[in-house]
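Participant: Spelled out, the chains give:
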Amino acid sequence: MTTRLVVGMTGASGAPIGVRLLEVLRGLDGVETHLVLSRWARTTIELETPYSAREVAKLADVVYSPGDQAAAVSSGSFPTDGMVIVPCSMKTVAGIRTGYADGLIGRAADVTLKERRRLVLVPRETPLSEVHLDNLLALARMGAVVVPPVPAFYNRPETIDDLVDHLVARVLDQLDLVTDHPGRWTGLSTARGEAGPDAGAVPS
Amino acid sequence: MTEQRTITLAVTGAGGTRMARHVLSALERDDRVAHVDLLVSPNGRKLVAHEFGGAEDGDPVTTLLGRPTGKVTVWDSDTWEGPHTSGSYPSWGMIVVPCSLGTVGRIAQGQATALIERAADICLKERRPLVLCVRETPFNLIHLRNMAQVTEAGGIVYPMIPTYYNLPETVEQMFEEFTERLLGFVGLDQTDYYTWQEGGSRASVERAAARTARGADA
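So the sequences go chain by chain: Y and U.
Note that the UniProt record's numbering gives residue 182 to position 182 of the first sequence, counting from 1, and the numbers run on in steps of one.
Note that the UniProt record's numbering gives residue 217 to position 217 of the second sequence, counting from 1, and the numbers run on in steps of one.
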């Protein structure tokens, strides 16, 4: 059975996370991805990753224009298993919260909520204002899953790729696509038995 | 000479105590800071020991900075020792890094069950900066409600989320950038290296040029 996912990328920082997610999804059997890149996502992809927006689009099975309100994912009649927005800007969060289905990403998220499907948001923002928290809280109340890209440190990441890989694994967990990721916590007593820590030099 | 400040830094039981090392190190170097009170919860001690090695009952300053210093005083959060139980103690502000969501919940509910929660409670009542660097994902509804509550009360919820637009090349650079931005919230402005402006920050411009040069070499 195929898992059909809508993937939105918007203009928050964190394009490497979205790109990595698409790469992993492409390598999973039985997953079909429907991608929408917002205008500013295209800009952040070019700024933050070594890829062009065109190359990133090629990672998906189906790609829609961000203004195409007539796309399949605009309608609840088109069955999907959920939607993930990564990275998710605070403007997108606000738009989804108020039902202001601006552009295809906002509309597809609106549809995901009304059809009671899984909606996973990866908001990249810090600090969070009362507006941000109020919007995220409201969406959590409606059933959306809020997965901010806060790295884990208990698995002693050495590179930025380590951080991004872990975040992608945690997002996939929320989509019931549990991967064989090595950085999972297994308890303090187990972790203590692992190789000695290398927490880096004291900054000078 | 500007007025010197006393800053409270708390470490709780969430991953990311390496960030505490960066923050403590920056505070220790900063001439604007006269003194740092380091509050460590029992689980914070466990995490420091896990992430740096060493014993849980060791001196956290030596673990974090590599050497002891008279500028930092350590207070265990499960004791009620120290001046932080009173607003009359003139702390400039408080940073909790890393901040567990249990700590956020207790602060949000006014449950001053230990020294860290009491010190945070006092920051809110005295209208001093209180910055909570939460380390958690996903956020559940209770987390979000508690974070909204603390924000309404004047606290700053500052999740430990790195940026990517400054093109970090190492995890250490992510820590450094986060620390610079964070310290501005307790009145300790840092460099403009990461400040976004027309054409990008200095960090992003330098790193993009280095990336291009590496590409040309390859």
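Calculated from the structure, these hints are not laboratory results.
Glycine is no exception: its CB is placed at the ideal position from the N, C-alpha and C atoms.
Warning: the hint list may mix true and false statements.
[Unchecked claim] Chain Y is faced by these chain U residues, among others (derived, beta-carbon under 8 Å):
#1 GLY13
#2 GLY16
#3 PRO42
#4 LYS46
#5 ARG106
#6 ARG202
#7 VAL205
[Unchecked claim] The calculated label-pair distances, taken between Cβ atoms and stated as ranges, are:
#8 PRO79(Y) x VAL205(U): 43 to 53 Å
#9 THR69(U) x VAL178(Y): 19 to 29 Å
#10 TYR193(U) x PRO79(Y): 22 to 32 Å
#11 LYS91(Y) x ARG211(U): 26 to 36 Å
#12 TYR193(U) x THR159(Y): 35 to 45 Å
#13 THR85(U) x SER189(Y): 52 to 62 Å
#14 ARG32(U) x GLN69(Y): 30 to 40 Å
#15 ARG214(U) x ALA70(Y): 37 to 47 Å
#16 SER75(Y) x VAL205(U): 25 to 35 Å
#17 THR2(Y) x ARG214(U): 51 to 61 Å
#18 ARG54(Y) x GLU56(U): 50 to 60 Å
Participant: All the hints need checking, so say for each whether the structure fits it.
Facilitator: Verification of the supplied hints:
no., hint, result
1, GLY13, "violated (10 Å)"
2, GLY16, "holds (4 Å)"
3, PRO42, "violated (13 Å)"
4, LYS46, "holds (7 Å)"
5, ARG106, "violated (18 Å)"
6, ARG202, "violated (15 Å)"
7, VAL205, "violated (11 Å)"
8, PRO79(Y) x VAL205(U): 43 to 53 Å, "holds (46 Å)"
9, THR69(U) x VAL178(Y): 19 to 29 Å, "violated (45 Å)"
10, TYR193(U) x PRO79(Y): 22 to 32 Å, "violated (49 Å)"
11, LYS91(Y) x ARG211(U): 26 to 36 Å, "holds (28 Å)"
12, TYR193(U) x THR159(Y): 35 to 45 Å, "violated (21 Å)"
13, THR85(U) x SER189(Y): 52 to 62 Å, "violated (34 Å)"
14, ARG32(U) x GLN69(Y): 30 to 40 Å, "violated (54 Å)"
15, ARG214(U) x ALA70(Y): 37 to 47 Å, "holds (43 Å)"
16, SER75(Y) x VAL205(U): 25 to 35 Å, "violated (44 Å)"
17, THR2(Y) x ARG214(U): 51 to 61 Å, "violated (40 Å)"
18, ARG54(Y) x GLU56(U): 50 to 60 Å, "holds (52 Å)"
Going down the numbered hints, you'll see the structure goes against 1, 3, 5, 6, 7, 9, 10, 12, 13, 14, 16 and 17, while the others check out.
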